[in-house]
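Asker: Chains as they are written, first to last, in this note's numbering: chain P, 1 to 417; chain X, 1 to 417.
Certain hints may be false.
For identical chains, the list gives no copy identity; a pair is met inside one copy or between any two copies.
With a cut-off of at most 25 angstroms between alpha-carbon atoms, the simulated SDA-like pairs for lysine to any residue come out as follows [said to hold, decoys possible]: (1) 9 <-> 103; (2) 114 <-> 398; (3) 71 <-> 343; (4) 284 <-> 299.
Everything labelled a hint here was simulated from the structure, so no lab data went into it.
None of these values were measured; they are calculated from a predicted model.
Number of protein chains: 2
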Amino acid sequence: MHKEKEYEKYFSKIENGTITDVPEFFVQAVHSGVRKSRKDDLSLIYTPLDTVTSAVFTTNKFAAAPVIINKRQLSGSRNIKAIVINTGIANACTGEQGIINAEKIVEETAGYLKLGKKNVAIASTGLIGKQLPLEKILGGIRELSKTISSGDGHRAARSILTIDKNPKELAVKINTEKFFNMEKDIIVGAIGKGSIMVAPNMGTILCFIATNVKIHQNLLDGLLHEGVDQSFNSISIDGCQSTNDMVFIQNNGESGIEITKDNRELYDVFRHTLFFVLEEMAKKVILDGEGASKFVEIEVRSSRDKAEAKKIGMKIANSILVKASIFGETINWGRIASAIGSTDVEFNINDVEIFINDFLIFKNGMEVSENMEPALPTMKNKHINIKVIMHTGRQSSFVWTTDLTHDFVKASSHYRS
Amino acid sequence: MHKEKEYEKYFSKIENGTITDVPEFFVQAVHSGVRKSRKDDLSLIYTPLDTVTSAVFTTNKFAAAPVIINKRQLSGSRNIKAIVINTGIANACTGEQGIINAEKIVEETAGYLKLGKKNVAIASTGLIGKQLPLEKILGGIRELSKTISSGDGHRAARSILTIDKNPKELAVKINTEKFFNMEKDIIVGAIGKGSIMVAPNMGTILCFIATNVKIHQNLLDGLLHEGVDQSFNSISIDGCQSTNDMVFIQNNGESGIEITKDNRELYDVFRHTLFFVLEEMAKKVILDGEGASKFVEIEVRSSRDKAEAKKIGMKIANSILVKASIFGETINWGRIASAIGSTDVEFNINDVEIFINDFLIFKNGMEVSENMEPALPTMKNKHINIKVIMHTGRQSSFVWTTDLTHDFVKASSHYRS
């Protein structure tokens with residue numbers, strides 16, 4: 001993490017970029033009628049080229065029907081050319097009917113786009129427990145299949161939002177022409193949604209990434225898992241796990257450039273570019289977190305291993321007392337200490353150092369009192385940094401979170417019919 | 001749990017009862033100056049008789065100095081005759097100086113009361129990270145040692161509060177004269193504090209129980225652990241673990257009645273009376289939870305084992321989205337399902353049933369829609385019951401919690417200097 005910086009000379013953000021900046025990716029949205037308002041609620045990501053696709057999914061045992069269906073699809077074929085996404089209803093906890101509906105959407109989408117059933121994946125976000133209005137969705141898919149070639153990435157990025165305030169989209173160009181003397185540039189584009197699992201409708205993380213490279217599925221799987229672990233799996237707003245989370249990456253090979261470990265330099269650049277995109281998308285979720293007033297970065301250093309570092313980071317991130325004190329702009333380091341101490345990680349309390357916004361606040365089992373007064377004004381910053389040094393090893397991990405605000409309680413308590 | 005009801009004919013609450021209703025227990029409070037306000041901040045629990053004492057402590061690795069000292073004391077002797085409790089400063093994260101201060105308090109208390117050092121225990125509650133004002137506390141102990149015989153349990157119950165709104169105290173009489181034809185009655189009395197680890201000063205759970213029975217320490221240890229597991233270890237307001245929690249039980253033998261398993265009936269009555277007292281004290285903490293507007297009981301039934309049932313109950317209790325939706329008086333059962341699904345417990349989602357206020361809301365992997373409308377008005381109740389039936393076994397467990405309110409955020413965000 002943060003090592004991306006040294007690779008940043010190789011790539012640049014495309015201004016006002018989105019997923020359709022990736023060649024031969026077409027994305028469109030429409031209002032099908034799942035949502036009562038006239039907002040778009042159905043979108044389609046489509047490439048006519050063959051792809052190598054990877055995905056990661058929520059581990060929640062109440063996984064939604066699209067999660068179940070997609071796992072089955074990807075175990076059969078990685079050539080996903082179309083992803084249908086509906087907003088408004090999550091198709092989670094919907095029993096056998098939910099599965100039947102999801103299968104029907106796959107089948108009809110394949111029909112309209114003249115694809116095999118194996119080439120289609122689906123995603124849903126919205127209220128848990130309601131059945132999808134199948135006819136409305138199928139009508140929407142028919143419409144999308146006709147207009148897809150004149151697609152609009154920005155419109156689709158907006159259509160997949162539930163209570164998110166801002167669209168989450170991004171495109172990055174790897175300057176492969178210049179740095180690697182290749183014919184085309186590599187583009188990585190993404191759209192996503194989520195203010196984590198918050199009301200009204202169990203907003204979840206969905207993220208769809210497209211690239212124009214060729215890559216072997218094993219290499220891609222490894223990269224996606226590593227990248228998601230350092231991005232979407234390192235954020236928490238409310239500590240609640242969604243039933244619908246998924247992150248997709250589709251590679252349609254349009255550039256003709258193959259990513260392999262044989263070309264190590266290109267591989268490293270691609271890897272760090274992809275991690276940059278995942279990290280940016282994850283941060284966009286945090287910055288849009290329900291009711292959030294601050295972006296909080298928790299860094300756990302010198303830990304025995306990465307998993308321990310992350311466990312401590314997540315415990316701090318999910319402590320509602322730590323979050324509330326950050327909202328209150330006070331330095332309640334005791335709450336951070338007690339969060340660390342409540343994990344099952346072994347350490348000596350006299351070794352632990354806690355920094356807040358670069359002020360050393362806790363050392364040798366005690367407060368560093370002379371730093372309290374100068375540190376206090378920095379709690380008014382929008383970006384708060386908590387750094388914990390464990391002195392048990394050499395590994396480190398980051399977690400990003402938000403504060404706990406009145407607006408969070410207001411929003412998350414009053415939704416749902 | 002709840003089996004206490006069948007034993008309730010044997011015991012009765014003493015009206016306006018407190019810990020000093022137990023014969024030969026003297027308890028007094030005083031203002032020593034730890035707190036800036038003129039509130040009492042130091043109290044002493046004392047019995048001139050020999051005791052058998054058990055205690056349980058927080059497992060937080062940043063355990064406060066009194067926790068460390070008391071563990072040492074109890075491993076040496078179970079004859080604790082005096083417990084000194086200060087409010088205002090937790091003596092947690094105070095390094096070597098904190099231990100030295102705690103030892104000095106033990107030593108001086110023993111001196112003033114003409115006890116051995118081994119007969120004294122201590123407790124602190126308040127702000128983490130500050131050193132105790134030792135001279136003020138020693139002055140207070142001197143004063144307490146002079147006035148202890150005219151003690152006032154109610155005053156002491158108030159003195160140990162931090163941000164709690166209400167004192168937590170109770171005395172129960174087992175009618176051993178009537179039911180067991182004995183000379184004296186058994187009295188179980190308690191004082192306690194806590195709105196869990198919430199601001200301003202890391203309020204913690206402290207609970208001190210006194211009885212006038214004789215009992216072997218092994219039997220007592222077992223009873224206390226079992227009882228605490230079903231009471232204080234089954235509540236959560238904010239999911240944050242304190243550095244200072246402790247529950248003490250002292251038995252001074254005044255009644256001459258010995259509790260053994262040989263007299264099974266008396267043993268069972270004593271056991272259930274003690275569990276009743278622990279449960280009542282734990283519920284008093286929940287009812288006084290920071291900003292709480294509702295008492296929430298989560299019952300997990302038909303689980304593989306008690307630990308799994310409790311893990312699921314705690315996950316629901318600590319879901320800030322579940323808590324917020326209860327505050328909002330909505331039925332967001334999807335949040336309950338996703339909390340259950342995010343544990344590592346194995347189950348089939350089609351087996352799980354979720355009841356809210358006795359309405360079956362989720363069954364066969366789907367919402368029971370016809371119950372949603374009639375159930376909704378019951379969300380306005382002060383007491384909310386969530387019942388989850390897992391159908392994986394025969395064990396069950398209870399957890400008690402609160403909702404998440406605007407007042408919680410207000411209180412927990414703005415405290416501390």
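Asker: Going back to the hint list, which numbers does this structure go against?
Answerer: 1, 2
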